[in-house]
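J.: When you get a sec, could you build the whole thing from the sequences and use the hints?
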Amino acid sequence: MDFEWIKIPYALLTLFIVVNFGMLLGAFIQKIGARVGRRHGIPIWQNYADLIKNFGLRTSITHGVMFYLGPVFRLTGGIGLLLFVPTIYGSEMFSNLSFSGDLILALYFVFFGTLGMALGAGESGHPHAAIGISRGLSQVSMAELPFALAVFAVALQYQTLSVTDIVAAQQGGIANWTLFTNPVAVAAAMLGFLGSMMRPPFDVVIAPQEIPIGPPTEYHSSYLALMQTNRAIFPIAKIVIYMNLFFGGAASWPVFFLKVFLIYMVSVIVGVVFPRFRVEQSIRWFLVWAVPLGVLSIVLV
Amino acid sequence: MKPELLKRMVKGPDGVEFEVEPMRDYYCDAPPTVQHGAYIKIVEDFFNWARAESLWILGFGTGCGAIEMRPLMTPRFDAYRYGIQWRPTPRQANLLVISGYLSTKTLKRAIRAYEQMQSPKYVVGLGSCTINGGMYWDSYNTIKCLDQYMPVDLYITGCMPRPEALLAGFEDLKKLIRAGKAEGANQYAERFDWYKANQKQVIHDWDMPDYNW
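Those sequence lines, one after another, are chains A and B. Under our numbering, think of the first position of the first sequence as 1, with each following residue one higher. Under our numbering, think of the first position of the second sequence as 302, with each following residue one higher.
Just so you know, the hints here were simulated from the structure itself, not pulled from any lab data. Mixed in with the good hints, there may be bad ones.
Unchecked claim - Here are a few chain B residues that face chain A, going by a calculated C-beta distance under 10 Å: (1) Pro332; (2) Thr334; (3) Ile341; (4) Asn349; (5) Thr375; (6) Pro389; (7) Pro391; (8) Ser420; (9) Pro421.
Virtual Cβ for every residue (Gly too), placed ideally from N, Cα, C.
T.: Right, here's the structure in full:
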């Protein structure tokens, strides 16, 4: 297979669109959350100002090599996840590096950033970071379980491990979406989705009111800026996978923006309604409600 | 000096003996240096704009003034509208609000928090206690003039200043930052010995390195 160099600018363009969309969407979602609390919330450009401010800090300190690599791994996880799945279905320009076994790779990339973060935050030596990491890893692993089960159910259903093929099988009307052809798997995956979006009720890991801010306690200036960039990319990348697997993918950017926003709103609506779970409560919740659904979806297929 | 801060030999769980010196192992005591901004003026102005629009306050209250910051986070005054947010860790914060009287015991913690923040960083003194001691002017264990212990960019007067006064004060601080006049961190580095001498004059149990970022 020969490599086409034109894919590099295409990938950068995808990245550029998604980063900006992620920054604006993140601020917009925060504004929605603030409106629920009868506040006005942050300005829509606030994330850009924060990012420039953090890049513009004059001093920064390090705790070692892994402390550098933590945010880099995290960003790699987000970008890798985004680039290895087709962003826009049927578009040569925005399918990027998707290939026939990309579903497995995507599952791996979902976890990659968290692991990198664990190494980096562990090296910072701050006890709050260590506690945050152990909480975060246990919660994310638990949320990942129903999602992985649902993904296997979907892979069995369509008899393929290629995200592009799964999207292709869902074309031709809403009734062909996995949402309607395999509702149990989608329900299990959406419960897992709530757990991995770092919004209430599952945000005890990074909540400022808990163990102060968890894993990124020691991170500042450019390190923090890298992680903020990832926080713009990663939710979008994750939603792209959900959109492709369960909601028929997107054939153009307007459809993409709309679907990503609506899927994001699922976790936002749950988040503003329900209070925060402790970690052991959320693990129990996933075990009781989400995992049996995932198992059921595999049995039904 | 407390015994747990002294240099000593410790036996690890695996039976290996090693030397522990808490004052050197856990801190860096390199003094702060003067940090220059970007050399191109338009870049530095751009950074200053971003710094002004993204004030991250360290969630650290020292006196009764801390209670005036709570209404700023809630719907009535909602400071988030103006790009003012609270961070729980000094590493990420760049604005330290000394909210009211500062006892010498708290001064020690305030200094450590201030030194852990990354440059450029700003200090706002809240209420008359930070200016001249206020109603604690003859107290034996509060400091009277915050200026002598850390570089203050802005004072907000009142006892207590209302949340509106705080918002107005933060807007004034933004103007200072945009004009490039809020260089407290460099001032602290330049007059480091003077600040340290003042701090040590009131803190009698000084059991930390001179500079602990």
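J.: Evaluate each hint against the coordinates.
T.: Quick rundown of the hints versus the structure:
no., hint, verdict
1, Pro332, "violated, 13 Å"
2, Thr334, "holds, 9 Å"
3, Ile341, "violated, 12 Å"
4, Asn349, "holds, 8 Å"
5, Thr375, "holds, 8 Å"
6, Pro389, "holds, 4 Å"
7, Pro391, "holds, 9 Å"
8, Ser420, "holds, 4 Å"
9, Pro421, "holds, 6 Å"
The earlier numbered hints that this structure contradicts are 1 and 3.
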